[in-house]
Amino acid sequence: METCRQANLDQWLTDDSATYRHTAGHFVRWARANKLTTVHVPAVRWHGPTQPLDDEHRWNVARRLLHDDTLKPEDRLAGLLLLLYAQGPSAIHRLTIEDVEVGAQKVRLHLGNAPVQLPEPVAQLARTVAANRKGHATIGALAPSTWLFPGGQPGRPISTTQLTQRLNNLGIRPNQARSTALFQLATEIPAAILARTLGIHTDVAVAWQRLSAGDWANYAAEVSSRTTTIKESSS
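In the numbering used here, the protein residues as written are 15 to 249.
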């Protein structure tokens, strides 16, 4: 930390290859609080989804990725990880081959502390991508890339910028799609399990659960009100 300057930290934070930004941010803020450094990483406060939630569009795209064999397997898998498991480009591009456990019958993926068992045909896509990892940097390489989604430079994963563009080409807007996925998952899974399996902070999982519970309650009240109005009008 002695030789790290704010300019160095800012450059690293904006580099597509930077990993563990969230964890590093906690460490830097701890070091600053204990007067071990003068550099800082601003804390990002979450204020809920910034774009409309569109679950219908999410499932339409997911069905296409599940069954359209004309699309690249790696693009299909990346898209499904976002749509089904709320993994943003910054998390997807960091996945390594070690995060995928390929068994005779099951495929498990490590997104957080607890692995997720992938259903078919997502599991088969993961097998295919893990066995045939491709990227410009892998051409002529002596050993296969350790990254699940290799990039164009030796030893580097695909950049978040390039991955986002490829997702955009599939009709996916990562921020909106991830918010929609988190919203839906938060209505079905307890916050602690959500955090453990998806690799998100428990506070974030709790915030999403509160949001989804509040919004679903409002939605139910609205539907009930409309039903009552229709009945009254028809009587």
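Please note that the accuracy of each hint is not assured.
[Unchecked claim] The calculated SDA-like cross-link candidates involving lysine to any residue, where the alpha carbons are at most 25 angstroms apart (straight line), are:
#1 K120 with N189
#2 K120 with E134
#3 K120 with A145
#4 K120 with R108
#5 K86 with N189
#6 K86 with T17
#7 K86 with N146
#8 K86 with Q167
#9 K86 with P133
#10 K86 with D113
#11 K86 with C18
What the hints contain is simulated information worked out from the structure, not anything from laboratory work.
Notebook entry, point to check: Would the pair K86 and D113 pass a check requiring their Cα atoms to be no farther apart than 25 angstroms?
Noted result: 20 angstroms, holds
Checklist line | Given hint N189 paired with K120 - CA-CA distance at most 25 angstroms | finding: 30 angstroms, violated
Notebook entry, point to check: Taking only the CA atoms, is the gap from K120 to E134 under or equal to 25 angstroms?
Noted result: 9 angstroms, holds
Note to self: For K86 and N146, compute the direct alpha-carbon distance and say whether it is at most 25 angstroms.
What the structure shows: 11 angstroms, holds
Next item on the list: Take a quick look at whether K86 and P133 sit within 25 angstroms of each other, Cα to Cα.
Entry: 19 angstroms, holds
Margin query: Run the distance test for K86 versus T17: straight-line Cα separation, threshold 25 angstroms.
Written below: 44 angstroms, violated
Next item on the list: Below or equal to 25 angstroms on CA atoms is what counts here, so check K86 against N189.
Entry: 22 angstroms, holds
Item checked: Hint consistency between K86 and Q167 [alpha-carbon to alpha-carbon, up to 25 angstroms] -> 20 angstroms, holds
Note to self: Check whether the Cα positions of K120 and A145 lie no farther apart than 25 angstroms.
What the structure shows: It holds: about 15 angstroms lies between the C-alpha atoms, which stays within 25 angstroms.
Next item on the list: For the pair supplied as a hint, K86 and C18, confirm whether the alpha-carbon distance does not exceed 25 angstroms.
Entry: 41 angstroms, violated
Check: Given the proposed pairing of K120 with R108, does the C-alpha separation stay at or below 25 angstroms?
Finding: 22 angstroms, holds
Going through the hint list in order, the structure does not satisfy hints 1, 6, 11.
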